[in-house]
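Single-letter residue listing:
Protein chains: 2
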Amino acid sequence: MAVFRDRLRKRGLKPASQRDDVALTFFKLGRHISAEELYAEVKKVNPHAGQATIYRTLRLLKECELVHERYFSNGKGRYEIVNDKDPRHRFICDRCGRIIEFQNARLERIRFAVARELGVLLGRQKIELYGICPRCLKDERRHNPAIRLFQNPQTRRCAPAS
Amino acid sequence: MAVFRDRLRKRGLKPASQRDDVALTFFKLGRHISAEELYAEVKKVNPHAGQATIYRTLRLLKECELVHERYFSNGKGRYEIVNDKDPRHRFICDRCGRIIEFQNARLERIRFAVARELGVLLGRQKIELYGICPRCLKDERRHNPAIRLFQNPQTRRCAPAS
DNA sequence: TTTAGTGCAAAACCTTTGCAGGTTG
DNA sequence: CAACCTGCAAAGGTTTTGCACTAAA
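Sequence order for the protein chains is L and Y. Taking my numbering, the leading residue of the first sequence gets 14, the next gets one more, and so forth. Taking my numbering, the leading residue of the second sequence gets 14, the next gets one more, and so forth.
For the record, the hints were derived by calculation from the structure and aren't laboratory data. Heads up, some of the hints might be wrong.
Note: identical chains are not told apart, hence a pair may lie in one copy or across any two.
[To be verified] The calculated SDA-like cross-link candidates involving lysine to any residue, where the alpha carbons are at most 25 angstroms apart (straight line), are:
#1 139 with 121
#2 151 with 126
#3 75 with 147
#4 89 with 64
#5 89 with 47
#6 56 with 147
#7 151 with 77
#8 89 with 112
#9 89 with 79
#10 89 with 78
This structure is a prediction, so every number in the text was calculated from the model and none was measured.
Please build the complete structure, drawing on both the sequences and the hints.
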């Protein structure tokens, strides 16, 4: 939050209470929220606030590299706190959008090897895996009991769905 | 394409020329396209086609598990051909959205180890890395020559931007 | 007093849907 | 004939913008 104010000052922007309400609410709630949800939360603190301020503040936070914008399967923008210091990777459920964070030292090392090979700069400190989370998997099994974990493409093709 | 017609028939749907135009155009163009771009391409083949058919066909392709829908930084839906057989991983540029595909056997193995640990089912056969691609990196260096490749968080913090 | 921040409402944007008419089996 | 496909235009939902006004430096 202090970092946010600092970066705004450097850009010649003024402190502003509504903006602070939005940013503070966002940081307090933790990661992974949509603009709409944030709007509802901010309303609780400051019922006077308008939608535009939400979007404008989120854009500022984005420009200050303090939040990251992502789009999930419903097409709505979702925002999350940028977290460079603690490189957790993430598994994202294709069904429900749930995010499971994890760490893995081997993955961590390979990441840099790959980046060097490709000649790229790693930005977000993350690797992302996609699939179906345990909870959705349970539902899935009801309709399709043949589904298996740990599929390896060499031994078995990707799960048929529906 | 034959697979598509087959899966539609199984669902009791009839062949339809406009739909075929859309699907064929999509497959021909290769991966990673937005609905808008596809619309423009289909127009070249069949100027008579309407937007609704594009969206409706994309939805069908999605339901047939032949395309995957993703959302990138502009919030527009983007579609790509599902490719289960040849598991290439991808690096996605945070600046320009360019996708660099790559393969890495070690990454491949670890992926399954991680999935087993988490108890999840791996869906898309992909790992994703994010960062800045070589081309954008060149631009970046003009403004900020201090930027370095192969950053390791233990020795050096993430690149400051802007 | 000049510059930036705000809420409201309207606009812009992408995607979906209703409907009337056309096509397929 | 029944069921599906299509284009058009209208509706739906999310995000941005214009404007008049307020608040901070």
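Hints, one by one, checked against the model:
For the identical chains of this complex, residue 139 and residue 121 are neighbours both inside a copy (9 angstroms) and across copies (16 angstroms), given an alpha-carbon limit of 25 angstroms. Taking the closest pair of Cα atoms, residue 151 and residue 126 come within 25 angstroms of each other only across two copies (20 angstroms); inside a single copy the shortest separation is 36 angstroms, beyond that limit. For the homomeric pair residue 75 and residue 147, the shortest alpha-carbon distance between copies (22 angstroms) is at most 25 angstroms, but the shortest distance inside one copy (32 angstroms) is not. Taking identical chains as interchangeable, the C-alpha atoms of residue 89 and residue 64 lie at most 25 angstroms apart whether they share a chain (15 angstroms) or sit on different chains (21 angstroms).
For a Cα distance limit of 25 angstroms, the shortest separation of residue 89 from residue 47 qualifies both inside one copy, at 7 angstroms, and across copies, at 16 angstroms. Taking the closest pair of Cα atoms, residue 56 and residue 147 never come within 25 angstroms of each other, the shortest separation being 34 angstroms inside a single copy and 43 angstroms across copies. Taking CA atoms no more than 25 angstroms apart as the test, residue 151 paired with residue 77 passes between copies only; the shortest distance there is 21 angstroms, against 40 angstroms inside one copy. Taking the shortest Cα distances, residue 89 and residue 112 sit within 25 angstroms of each other both inside one copy (16 angstroms) and across copies (22 angstroms).
Taking the shortest alpha-carbon separations for residue 89 and residue 79, both the intra-copy value of 19 angstroms and the inter-copy value of 23 angstroms come in at or below 25 angstroms. In this assembly of identical chains, the alpha carbons of residue 89 and residue 78 lie at most 25 angstroms apart whether taken from the same copy (20 angstroms) or from different copies (22 angstroms).
Comparing the model with each earlier hint shows a violation of hint 6 alone; every other hint is respected.
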